[in-house]
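Number of protein chains: 2
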Amino acid sequence: MKPDGGSLIGFGSSGLGGGSFKAYDPAKNVALEPSFTSATAEDVDRAAQLAAAAAPALARLSGATRGKFLRAIAANLEAKVDDLVARAMQETALPEARLKGEVGRTDGQLRLYAESAERGDWVDARIETANPDRKPLPKPDHRSMLRPLGPVVVFGSSNFPFAYSVAGGDTASALAVGCPVIVKAHPAHPGTSELVGRLILHAVRDCGLPEGTFSLLFDAGFEVGQALVKHPVIKAAGFTGSVKAGRALTDLGAARPEPIPVYAEMGSVNPVFILPGAIAERAAALVDGLHASSTLGVGQFCTNPGLIVLQRSSAAEEFIKALAAKLSATPESVMLTPGIAKTYAANTAIRGKQAGVKVIAQGQTAGMCGATPVWFETSALTFAGNHALSEEIFGPSSLVVWCKDRAEMLQVAGVVEGSLTATLQTGATEAKEQADLIEVLATKAGRLVLNGYPTGVEVSHAIVHGGPYPATSDGGRTTSVGTRALGRWARPVCYQSFSDELLPAELQNANPLKVHRLVNGELTKALVA
Amino acid sequence: MKPDGGSLIGFGSSGLGGGSFKAYDPAKNVALEPSFTSATAEDVDRAAQLAAAAAPALARLSGATRGKFLRAIAANLEAKVDDLVARAMQETALPEARLKGEVGRTDGQLRLYAESAERGDWVDARIETANPDRKPLPKPDHRSMLRPLGPVVVFGSSNFPFAYSVAGGDTASALAVGCPVIVKAHPAHPGTSELVGRLILHAVRDCGLPEGTFSLLFDAGFEVGQALVKHPVIKAAGFTGSVKAGRALTDLGAARPEPIPVYAEMGSVNPVFILPGAIAERAAALVDGLHASSTLGVGQFCTNPGLIVLQRSSAAEEFIKALAAKLSATPESVMLTPGIAKTYAANTAIRGKQAGVKVIAQGQTAGMCGATPVWFETSALTFAGNHALSEEIFGPSSLVVWCKDRAEMLQVAGVVEGSLTATLQTGATEAKEQADLIEVLATKAGRLVLNGYPTGVEVSHAIVHGGPYPATSDGGRTTSVGTRALGRWARPVCYQSFSDELLPAELQNANPLKVHRLVNGELTKALVA
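Going down the list, the protein sequences come from chains A and B.
For the first sequence, the residue numbers in the numbering used here are 1 to 529.
For the second sequence, the residue numbers in the numbering used here are 1 to 529.
Bound-form chain A, shown alone (with noise of 0.2 angstroms):
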């Protein structure tokens, strides 16, 4: 399998017009072949009229078929991963135990988001029955279920080229609700992305599905994915990447004429609280924890623990000594892309020259993408006073708060911004002296770790990969991990008075899908008399 780098909508193929674009190589330098050619206007509306009429047809499938859909596609994914994986190994320097890691996790959501399809539990069917007799006026049988949005637009993310990117959780979500989906390229890694999209619609044919449920489109900027949000059969869509372009689609989205959600997973500084039982009773092993967790994938997770706040003391100060040591001999790791890499060095520079910040570790880098950890210390006063402290530097840096006291720790937890995670290090009787400050964490991150690390995220029906802005454009309503992620991609409907047959089967009395449903307030898989 080779990518040819046109763009794939429907069941064809667009390499006309549009400018063209190549792959490249961050650890050799050097561009990829073949050339990837930009997406036209033309192409755009042409994907988007395909989704649109394939929309109703998707809608009606049950979930059982849209199970076997992407398993279809998951099973594709798994027969061509050393060829999927040895393309991205190329576009994203990014190692192949951890990259075929991906492909694996990337298939466990599609089957995690078949067996909820499948199921039927998340359309949250509830019936309320009639009855003639009640005073003073009779109540209308009426039964309401989650029904899917219409074509979804998702952005593929340079951080996760399976994981988050053409088959990853957006696109696995809103296919697993009905919804067809436009994917735009991350141009990061275009020839993964063709693969996969190449995968996805074997999968497509082989179900008998309708041309339009899914297409692909590539561009080297940012034309492509505005035209996507503007377009008006568009309804939703879902984004992975930073702060300034999320906040962009998302203003364009609700700018609309009929405005859509574009949920978009943005920065997050992912804020660690290490209490000082935490230093007492563990501090090497909580120097290596850190150590791994702020240099996995050198720093470009979106759970990367940017943000350490502790008490200074003797031991604390001996603490991140030791820990500023590991990281500074740290060797020179490639980044992404040659972009990613210049803003790193550039943030980095700035952070170091802000009012009453301290580099701490720096290591040395050699190649045109290399990346080592660089990290800062400040006070918790100086942190509260300059907001830029507060944003994040994606890749393998952070900065350090010291604190006088728990009560500044308090201080800092309410001033940082909304991040998809906060973590409390503490030792084992002060865990549970801890309750005003994570119900301060609480309103401010999706998930709260405690004694843990916040990369590694779980994809389950528990996990939240959210938070608050700018961690997400919604506030953290929603998550982009999970079946949780389902109801993104859906609204209710209310059917009042209809007789049986009219109904979909979810709300039918006999209950032939066997789904729990909410019958008159009571949670049930019970037929309805």
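If you are wondering where the hints come from, they were derived from the structure by calculation, not from laboratory data.
Some hints could be false.
As the list claims (entries may be wrong) - Only part of the chain B face toward chain A is listed, based on derived beta-carbon distances under 7 angstroms:
id: 1; residue: L450
id: 2; residue: R484
id: 3; residue: R491
id: 4; residue: P492
Stated by the list, open to error - Calculated pairs, BS3-like style, for lysine-lysine (alpha carbon to alpha carbon, straight line, at most 27 angstroms):
id: 5; chain 1: A; residue 1: K244; chain 2: B; residue 2: K230
id: 6; chain 1: A; residue 1: K321; chain 2: A; residue 2: K358
id: 7; chain 1: B; residue 1: K432; chain 2: A; residue 2: K139
id: 8; chain 1: A; residue 1: K100; chain 2: B; residue 2: K139
id: 9; chain 1: A; residue 1: K432; chain 2: B; residue 2: K514
id: 10; chain 1: A; residue 1: K432; chain 2: B; residue 2: K139
id: 11; chain 1: B; residue 1: K68; chain 2: B; residue 2: K514
id: 12; chain 1: B; residue 1: K100; chain 2: A; residue 2: K135
id: 13; chain 1: A; residue 1: K68; chain 2: B; residue 2: K135
Note that CB positions come from ideal geometry on N, CA and C, so glycine has one too.
For chain A, the structure is supplied; the task is to place chain B on it using the hints.
Chain B alone, transformed into the frame defined by chain A:
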């Protein structure tokens, strides 16, 4: 109980500064005492800061306490129903029976949300237990549930002085979740608003809840509402009213440094599709039913049937002729405000001058606030080609759209804008042939009504009172009525590797609140071992 005209801010009252205005009796054309003082910028900030200060305590309340609080509000309204209705009759010209019924509905809403808060299932608790043996990585324990967003602003609506105003559905659902609420009173019924606000504050005190749990601000204009939506501590807003005002507030919420959702329920034409069988089988009943539905409350319902779509035939022409005769003979009624009556007169005059549009029913009005039904007819082609004909006229006015055949009815369904409801009237045997029409209408409305009328909204677990834009600002992803509305004011929070005593009760192993939980993918009330 008599209003005194000051905003209720926390446990205090503010009547200083700002301009002043009076309520107006539209039936008698006289201003009503007392004067109400518009809130100042300082009032707004004080109400917001009090709400922010109260938020953590409210978030920690048990569902049982929140339920008790809502029931106390309902009991207070019930005890003072005569005072409330007396003032509301003056301010709205709505009849006593309707207003008494509306207080009853408001109490019913409060008690339904109380029941949800007490039962606790709405938090959608999910638990994934640890698996230390999982390969390649151990699975951490993680558990999630919905938590309150924080301070919420609610805008009172003009047409429901109780059910969609100070203690209405938005307020009740936000309080049930544990969010402090600041209401911006509708200036058309400030006295009713103040009386209800005081009854809520009695309940706040009686239940020992913190100051800032509830505030009520007056303003004759837009400044106070805009300042509330822009205030940094506010996390969401609920609105019911016009597209123009709702969209302006939604845009304001989206443009904030930290965007917030403004759940606006706005314009809805509520199309009614009448198939030939319905006319053949029950023309006389349809005349009565449509007349009643469209003139109910002088057409001042968000679910008023504003668009009637049917196929031309001599039976259909007879039917419309009989309906038009009944409409023309309808006596004048008083609208809610002189402004609404004036806008109704202006909008019906404009519609009457549109090319291809003909007036088919028009009564005579004499009073300053009077209105009678004004109905129009046009062709499917004219309707599809003139967007102005898709817009709601607030009041007892509807547009009849004549189609050549069923195919043209389907086309009209495809071009109608988003609505709260869409209704299908069919004959006994033709209902089951409408699957395609039902599928199209399901993408256009939040509630589909078969052989009924759109007015009359159940308050229940299954109801959906929302719909695609412009019916709501959020594309119909939520509802403003019923228990599905609770999720608007909440976000999921995940707790990873937390010990039992640090978890919210809903997520503790023993399940002390006996809520339904998704434990490792299985829905159960059982404890976690």
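Q. Going straight from one Cα to the other, do K321/A and K358/A come out at no more than 27 angstroms?
A. 13 angstroms, holds
Q: For the pair we were handed, K100/A and K139/B, check the Cα-Cα distance against 27 angstroms.
A: 19 angstroms, holds
**Q.** Straight-line alpha-carbon gap K100/B to K135/A, limit 27 angstroms
**A.** 14 angstroms, holds
Q: Take a quick look at whether K432/A and K514/B sit within 27 angstroms of each other, Cα to Cα.
A: With Cα atoms ~24 angstroms apart, K432/A and K514/B stay inside 27 angstroms; holds.
Q) Given the hint that K68/A pairs with K135/B, does the C-alpha gap stay at or below 27 angstroms? A) At roughly 26 angstroms apart (the allowed maximum being 27 angstroms), K135/B and K68/A satisfy the hint.
Q.
Just to be careful: measuring from the Cβ of P492/B to every Cβ in chain A, is the smallest value less than 7 angstroms?
A. Since chain A brings a Cβ to about 5 angstroms from P492/B, closer than 7 angstroms, the hint holds.
Q | Restraint status (C-alpha distance of K432/B to K139/A at most 27 angstroms) | A | 23 angstroms, holds
Q. Hey, does the R484/B contact hint survive, CB to chain A under 7 angstroms?
A. 6 angstroms, holds
Q. Was the hint right that L450/B lines chain A, CB cutoff 7 angstroms?
A. Interface hint status for L450/B: holds (5 angstroms vs cutoff 7 angstroms).
**Q.** Holds or violated: K68/B to K514/B, with C-alpha atoms at most 27 angstroms apart
**A.** 18 angstroms, holds
Q) Has the given pair, K432/A with K139/B, been kept, meaning a C-alpha gap of at most 27 angstroms? A) Judged against 27 angstroms, a Cα distance of about 23 angstroms means the pair holds.
Q.
With the threshold set at 27 angstroms, check whether the alpha-carbon distance from K244/A to K230/B stays at or below it.
A. 21 angstroms, holds
Of the hints listed earlier, there is not a single one the structure fails to meet.
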